[in-house]
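Novice: Numbering of the sequence shown is given in my numbering, commencing with residue 1 and proceeding in unit increments.
Hint data in this document are derived by calculation from the structure and do not stem from the laboratory.
Computed from a predicted structure; not experimentally measured.
Check each hint, because a few of them may be wrong.
Cross-link-like lysine to any residue pairs, in silico, SDA-like; alpha carbons within 20 Å at most [claimed, not checked]:
(1) K110 with F86
(2) K51 with T101
(3) K138 with A56
(4) K140 with F47
(5) K138 with H9
(6) K140 with T54
(7) K51 with D119
(8) K41 with D134
(9) K110 with W89
(10) K51 with E71
(11) K138 with G14
(12) K15 with E64
(13) K110 with E126
So the derived label-pair ranges between C-beta atoms look like this [claimed, not checked]:
(14) P18 with Q114: 25 to 31 Å
(15) Y137 with Q114: 15 to 21 Å
(16) E121 with D55: 21 to 27 Å
For each residue, glycine too, the CB sits at the ideal point set by N, CA and C.
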Amino acid sequence: MFTPQQVRHAFPEGKFRPAASLGAIAEAERLLGHELPPQIKSLYLEFDGFKGPTDAPFLFPVLERPGGRGESLVTYTLFFRGEGYFPAWVQDAVVLGDNGTGAAWFILLKEESQLVRWDAEWEEYEPVEGSLLDAWYKEKAMYESLHPDA
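Could you build all of it, start to finish, from the sequences and the hints given here?
Specialist: This is the structure:
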């Protein structure tokens with residue numbers, strides 16, 4: 001488990017949105033038809049999404065699309081669930097954010113909140129070892145290795 005404060009500490013350059021309201025979280029859960037995992041909900045109560053070092057939406061806003069162009073947890077999850085050509089597992093998953101290259105992080109709700117990474121062009125998802133914060137750290141480290149002066 002990790003805290004929202006650990007995320008802020010790990011990404012001092014991150015662009016954090018103001019906290020989501022309890023009403024926005026409740027509306028997101030109503031639209032999705034289930035509660036969000038407790039740790040994800042705790043993040044949203046501190047910040048309603050954030051952008052990582054590449055300006056990628058590491059954590060989508062929970063309900064509202066930023067600037068009307070980006071995705072939110074709700075819009076992107078419902079998109080995947082609403083299209084019949086995506087794998088069946090997306091019906092029981094929530095998409096959390098992406099790294100800016102097409103691969104997104106999902107939580108599999110029926111698999112004890114297993115974190116996976118998937119791109120719609122892939123046949124299968126790949127399980128992610130560790131927490132979502134670990135996955136974000138890994139992306140940050142990769143970016144920093146490619147752009148050491150950034």
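Novice: If a hint holds in the structure, say so; if it doesn't, say that too.
Specialist: Results of checking the hints against the structure:
1. Taking the CA atoms of K110 and F86, the gap is near 17 Å; set against the 20 Å cutoff, the hint holds.
2. A threshold of 20 Å between alpha carbons decides the hint, and for K51 with T101 the separation of about 14 Å falls inside it, so the pair holds.
3. Only pairs whose Cα atoms come within 20 Å are accepted, and K138 paired with A56 is accepted, the gap being roughly 14 Å.
4. For the hint linking K140 to F47, the alpha-carbon distance of about 19 Å falls within 20 Å, and the restraint holds.
5. The suggested pairing of K138 with H9 holds, with an alpha-carbon distance near 15 Å, which does not exceed 20 Å.
6. Distance hint between K140 and T54 is fulfilled; the C-alpha atoms sit about 8 Å from each other, no more than 20 Å.
7. Of the pairs offered as hints, the one joining K51 and D119 holds, with about 19 Å between alpha carbons and a cut-off of 20 Å not exceeded.
8. Annotation: proposed proximity of K41 to D134 holds, straight-line Cα distance about 18 Å (limit 20 Å).
9. Distance check on the hinted pair: K110 and W89 sit about 9 Å apart at the alpha-carbon level, within 20 Å; holds.
10. Among the hinted pairs, K51 with E71 is consistent with the structure: their alpha-carbon atoms are about 12 Å apart, no more than 20 Å.
11. Between the alpha carbons of K138 and G14 the distance comes to roughly 15 Å, so the proposed pair stays at or under 20 Å and holds.
12. Simply put, K15 and E64 have alpha-carbon atoms about 16 Å apart, close enough for the 20 Å limit, and the pair holds.
13. With a C-alpha separation of about 16 Å, the suggested pair K110 and E126 falls inside the 20 Å cut-off, and the hint holds.
14. Checking the proposed 25 to 31 Å range against P18 and Q114 shows it holds: the Cβ atoms sit about 30 Å from each other.
15. Remark: the range hint 15 to 21 Å for Y137 to Q114 is upheld by a beta-carbon distance near 18 Å.
16. The given range of 21 to 27 Å is respected by E121 and D55, whose C-beta atoms sit roughly 22 Å from each other.
In summary, this structure violates none of the numbered hints.
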